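Model the full structure from these sequences, guided by the hints.
There are 2 protein chains.
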Amino acid sequence: MNLLVYAFENFPEVEISSFLPETILISAIENNWTWEEGDIVVVAQKIVSKSENRLVNLMDVEPGQRAIKYGKSTGKDARLVELILRESKKVIRTRNGLMIVQHKLGFICANAGIDHSNVKGPDENPESWVLLLPKDPDKSASIIREFIKNETGKNVGVIIIDSHGRPWRKGIVGLTIGISGVPALIDRRGYKDRFGYQLRVTEIGSADELAATASILMGQADEGRPVVVIRGYPYALRESYTNELFRSENDDLFR
Amino acid sequence: MNLLVYAFENFPEVEISSFLPETILISAIENNWTWEEGDIVVVAQKIVSKSENRLVNLMDVEPGQRAIKYGKSTGKDARLVELILRESKKVIRTRNGLMIVQHKLGFICANAGIDHSNVKGPDENPESWVLLLPKDPDKSASIIREFIKNETGKNVGVIIIDSHGRPWRKGIVGLTIGISGVPALIDRRGYKDRFGYQLRVTEIGSADELAATASILMGQADEGRPVVVIRGYPYALRESYTNELFRSENDDLFR
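If you read the sequences in order, they're chains E and D.
Here this note's numbering is used: the first residue of the first sequence is 11, the next is one more, and so on.
Here this note's numbering is used: the first residue of the second sequence is 11, the next is one more, and so on.
If you are wondering where the hints come from, they were derived from the structure by calculation, not from laboratory data.
One thing to keep in mind: the hints can contain errors.
Pairs involving identical chains hold if they fit within one copy or between any two copies, as the list cannot separate such chains.
Okay, derived cross-link-like pairs now, PhoX-like style, lysine-lysine, Cα gap no bigger than 25 Å in a straight line [stated by the list, open to error]:
(1) 149 / 180
(2) 100 / 180
(3) 149 / 99
(4) 114 / 86
(5) 82 / 99
(6) 180 / 145
(7) 164 / 100
(8) 86 / 100
What you are looking at is a predicted structure, and each value in this text was computed from that prediction instead of being measured.
So, in structure tokens, the structure goes:
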């Protein structure tokens with residue numbers, strides 16, 4: 011049993027209002043990639059956000075009282091803090107340079123996923139532009155999936171990923187922020203192991219394992235490989251939503 | 011750029027005191043696998059522990075006062091709790107059925123990684139046997155790596171993985187518990203992104219991304235694919251230790 015994990019080379023710079031699903035299909039052709047049923051397309055959040063014009067100029071942001079307060083306590087630019095707060099449901103922890111928040115989309119991450127790196131705004135003052143996460147990444151994923159289905163006839167799955175830090179362990183890892191047609195979780199609770207015992211904790215965070223896999227090839231800096239396709243996934247594809255992955259507050263010992 | 015992720019089929023049942031490095035090499039031959047420089051061998055913790063005879067019979071465990079107390083508060087078998095406490099530095103959180111501890115090996119995980127599933131003891135009462143993590147998984151990894159080097163002449167990396175739950179997100183994912191010759195972290199902090207900005211948080215949890223990748227093919231139940239090889243890893247191999255991955259308590263907002 012094997013997986014092929016293939017990163018498209020020479021993926022073009024994504025422009026604001028690029029139609030990303032088409033850019034992906036063109037890149038597939040240029041990479042001589044022939045789609046098969048069950049391929050899983052993993053897309054870096056940054057190109058999705060950029061194609062959806064989620065760039066914000068900090069010059070245009072007026073920080074409120076709360077942002078000014080958190081800006082002081084964390085040492086972060088109060089305008090950036092204002093955006094972090096607007097993108098969040100709840101502040102979970104803060105410290106110097108860092109705000110851990112529950113994003114409006116439901117997951118917990120640093121700085122609401124807002125970042126400078128690999129972002130260049132449309133004007134002469136690129137340092138002041140930042141990029142928000144896509145508004146509805148599950149929908150972004152489903153648009154890519156449907157476009158590929160329409161154009162090629164193949165049912166594929168799509169995952170949109172970002173790289174997040176973690177409690178307890180160093181190092182950012184690729185995690186799912188949007189999904190369409192790939193199981194977020196694989197439920198093995200009904201299964202028995204090799205000796206016939208009932209398995210206990212056996213929901214597998216399968217989409218996040220796929221996200222981590224693709225992330226190995228995407229890199230973080232100037233590599234420019236934001237689209238990776240995984241072939242050979244051993245579970246059946248199904249409709250799914252990112253929020254399957256979120257622990258409820260009651261079920262979470264670490265908030 | 012691509013990765014090949016290959017799971018050995020028909021891996022034999024690992025017996026207590028099997029010499030695992032040799033079992034892996036024989037399985038490679040049976041799978042027609044030709045080793046190449048830089049291959050990364052990912053091995054499920056369970057077969058490492060079993061080959062190192064880390065089975066314990068709960069019948070032989072006398073729970074102390076602390077174990078009895080935690081047993082009552084969590085509803086867990088006090089003998090199992092006793093083993094969890096012996097394997098741990100510190101109890102982090104508990105609730106019904108669950109103890110989150112800092113393992114003596116340094117990482118934080120549920121129930122000190124002790125499990126019933128896929129464990130069959132040597133006698134007629136298999137339900138009472140549990141399996142502890144390897145005593146020194148970095149060393150276990152390095153023994154496998156050196157054996158492969160000696161027998162095949164190829165420098166490979168080795169990761170030993172287990173599947174752990176996570177704060178905030180549902181689903182267990184493959185994580186590194188032992189490593190030899192693979193970078194635990196990739197440090198990109200000196201790098202600039204595509205537009206020349208300095209990257210900020212850019213230690214990549216690369217070994218954990220590899221662990222998650224292999225975990226997709228290993229499965230959790232009766233699949234029996236405990237050894238996976240990854241070819242095409244895009245970073246240089248280097249000497250490394252699992253404890254590179256551990257956040258210090260000061261650096262961790264979630265303990």
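These are the hints, each one checked on the structure:
1. 149 / 180: Answer is between; shortest inter-copy Cα gap is 21 Å, intra-copy 31 Å.
2. 100 / 180: both (24 Å within a copy, 19 Å between copies)
3. 149 / 99: Cα proximity of residue 149 and residue 99: one copy only (20 Å, versus 44 Å across).
4. 114 / 86: Classified as within; 20 Å inside a copy, 37 Å across copies.
5. 82 / 99: within (20 Å within a copy, 37 Å between copies)
6. 180 / 145: between (28 Å within a copy, 22 Å between copies)
7. 164 / 100: neither (40 Å within a copy, 51 Å between copies)
8. 86 / 100: Intra 17 Å, inter 34 Å, cutoff 25 Å: intra-copy only.
The structure shown violates just one earlier hint, number 7.
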